[in-house]
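K.L.:
Input sequences plus hints: build the corresponding full structure.
Residue numbers (the working numbering), protein chains in the order written: chain A, 1 to 312; chain B, 1001 to 1552.
It is worth saying that the hints were derived from the structure and are not from the lab.
Any given hint could turn out to be false.
Stated by the list, open to error - Okay, the calculated bits of chain B under chain A, using three or more residues with CB under 8 Å as the criterion:
| no. | segment |
| --- | --- |
| 1 | 1302-1316 |
| 2 | 1336-1346 |
| 3 | 1455-1468 |
Claimed, not checked - Okay, derived cross-link-like pairs now, DSS-like style, lysine-lysine, Cα gap no bigger than 27 Å in a straight line:
| no. | chain 1 | residue 1 | chain 2 | residue 2 |
| --- | --- | --- | --- | --- |
| 4 | B | 1500 | A | 47 |
| 5 | A | 110 | A | 215 |
| 6 | B | 1542 | A | 54 |
| 7 | A | 105 | A | 215 |
| 8 | A | 47 | B | 1542 |
| 9 | A | 47 | B | 1423 |
All of these numbers come straight from a predicted model, not from anything done at the bench.
Glycine included, C-beta positions come from ideal geometry on N, C-alpha and C.
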Amino acid sequence: MSEDFAPKASSYADQWDWLFFVLVTVSAIVVAAVLVAIVVFSIRYRKGAAAFRKDLPGAFSNRLEYGWTTATALGFLAMFWWAAATQLHHAVPPEGAVEIHVLAKQWMWKIQQPNGVQEINELHAPTGQPVELIMTSEDVIHSMFLPALRLKQDVLPGRYTYLWFNGDKPGVYHLLCAEYCGTAHSRMTGRFILMSPVDYSRWSARQPQADNAAKQGEGLFNSLGCTGCHAQNSSVHAPDLHNVYGRPVQLADGRSVVADEAYLRDSILLPGKDVVAGFDPIMPSFRGQVNEEQIMQLIAYLKSLAAPGRNK
Amino acid sequence: MSQIAAVEPPPEESPTCTSYLDAGHTLVSWLTTTDHKRIGILYAIAITLFFFIAGFAIGLARLELMSPRGMLLTDEGYNRLFTLHGIVMVWFFLVPSIPATFGNFLIPLMIGARDVAFPRLNLLSWYIYLIGAGFTCYAIVAGGVDTGWTFYTPFSSLYANGNVVAAAAGVFVAGFSSIATGVNLITTTHMLRAPGMGWFRLPLFVWAIYATSLVMVLATPVLAMTLLLIVAERLFHLPVFNPHEGGDPILFQHLFWFYSHPAVYIMVLPAMGVISEVFSCFARRRVFGYVMMIYALLGIAIIGFFVWGHHMFVAGQSQYASLVFSFLSFMVAVPSAIKVFNWTATLYRGSISFEAPMIYAMGFLGLFTIGGLTGLFVASIPIDVHVTDTYFVVAHFHFIMVGGTVSAFFAALHFWWPKITGKLYSEAWARFAAIIMFLGFNTTFLPQFIMGYGGMPRRYHVYPQEFQVYHVISSMGALVLFAAYTLPLVYLGWSLFYGKRAGPNPWGATGLEWQTPSPPPEHNFDEIPRVDAPPYNYHPEKEEAFEPQGRS
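P.N.:
Given below as structure tokens:
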């Protein structure tokens, strides 16, 4: 574990520190200015000291007030602009990120690597390429906090949230739960291990091999009987799931949605919610029959059926 | 009000009526009083009790945090202590602190009225507060709650194993006392101002309480609704927040912060009112930019309703919503900044003296400025993503609520103590306590900014080793702070029995409350004063000179 205080593992973290320290400097100047003003006035205008104490001319006071109100507002606007720009720049994950699935539960982190390797309370990731975490929770709200990357994202039950990063400094860092989640919240911690791509693939190869998530999903797809309806030659009329991920879907009620993880998840658990135009609402709900991990695997399989290069 | 004067003329034998403190010495006379001044004192006693209960809880937790391994408490015990600290401090100390004690006591006196508009509702609000506090005490005694003061779902509604329903009921009930106080003070300010007391002659404390009351009346019902939904899900399994039944866990956070962000202004606006009174009195100058100060108060109260989403930058809300909330959060800081500049400018060309209330007020100014500036940090989305749910945020809001509101509470306590009790306290001890409080506060909370920057999450019972040194400093500071908070109990208590008589106006202040004896008679004024001047008519160029706002 890195013993430095607040180690940095990405260029984004550098950018972040820069923004932070500029804000600290600006704040320190403001605090110093207020402090100096108070001290100077307190000495110069202390009771009993000889000083000029006539009222300020009204016009001067007004101009002073308009002046510092405008200056403050513009200063704040500039800060907002800079912060917002930094944020937007980091908003959309690049194409072709390594996708790692994260499942949070009271009180552990379950990680599944793209090749199917499973970890608990450890997250291995390669440096030098974008990595995207696709996260959900089994119970309450947790929060994936990777301080070395200056990143944090709440992990919600019943929904997917995403966090992407591009680490560039191999090392072992903290992985923490930041949203209070009950008794052992402070023990829901682990290690975030950034490795060079070579070390990462070497590490990955040494792990007990499992099928990758998509492969496991395919198995579930067959064993749960999904193929009975969704196969192309099936007698039951159900949408073809090839190439569905990432594309817009026309719904029976006239809306159109993009088939992302959340949509696919809802279709499995709440099939009545978004019925595809031209199909009868006959799909049964699989709630209770599949757990969060299996849903992730099913979605990974459906994603693998989509044409490559389509990401959201 | 002249009718009341006609019905109950002042007793013939003395030119001034008996003081409100001598109007009855029995417990019953206190528990059935409808005198706003006595009700203010009833509130003060209750909130002081809760302040120390909640302070004691966090004292234990801070002691525990001296070790990173958790030696003293269990996980569960630690969680229950910080939850108790948060719930009791927020709803049973901070929200009622200045409005229900000093607001109650002073608003009628400052506007030249005999009482609040609804004296019986005023007493009822105190009993409602006590009932709410009763539920909360039950929740504590029956084993505690472990949700944190924020009650996030679905944890609170489905998974938490403490007395969530009792705690929620306590907060729910206490909310009605907040609404009643708000309605009362708004009506009082509208209807009972003395002749000549126009809106732009009101002391800024009255304006601050007025703005606060508006927020209380408009925001608190949302909290009530939110808590009811938690109880509905927890007791009756109505799936509102449970995602496995089609509920939305994020909905809770929108509703909760729609109340709880404005609630921050419920806690800090009254403090701003206090500081304006104290600064202008001890600088012997009119508050700089009086009119702008009023617009700033109203601006904060109004914009404060539209910034709640800045609590949810990492919660899974849309990026674009976050941008809007970030922008509005920067904008709500503009009026706060103006207030800091105006207080500082009030000192310019003043004739400044440094009695205890002024030292507390100057402490407020420094700490509030730091609290406000770090508010800009957490309004910036990328910064907030890293520091939210860490000690950085803990330090930030303690700078506002403890450095700000509690400092102002002590400034008010020392400023109006002679008026309330008719006695003078030991100036030396009071100044000493003010300085110790400032130092203790900074020792406690400055290290928390550094920890938070380093990634120390809040609500952690055990924590990574590298943060220990900061926790130890912070705990030491908390010890100093505890001493500083107990000192006033001693010297103020002493002054009740042995203090010198204060006289009606020991500070030479201009407000109407100082134009009546200390402690004030039961009906405040023998004759309702006529107001013929703006507030803060101090003349620094002539030593001690001032013109009272009105005369009987």
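K.L.:
Hints first: check each against the structure and report whether it holds.
P.N.:
For each hint, the structure was consulted:
no. : hint           : result
1   : 1302-1316      : holds (count 3)
2   : 1336-1346      : holds (count 7)
3   : 1455-1468      : holds (count 10)
4   : B:1500 to A:47 : holds, 24 Å
5   : A:110 to A:215 : holds, 18 Å
6   : B:1542 to A:54 : holds, 10 Å
7   : A:105 to A:215 : holds, 24 Å
8   : A:47 to B:1542 : holds, 11 Å
9   : A:47 to B:1423 : holds, 24 Å
Hint compliance for this structure: no hint is broken.
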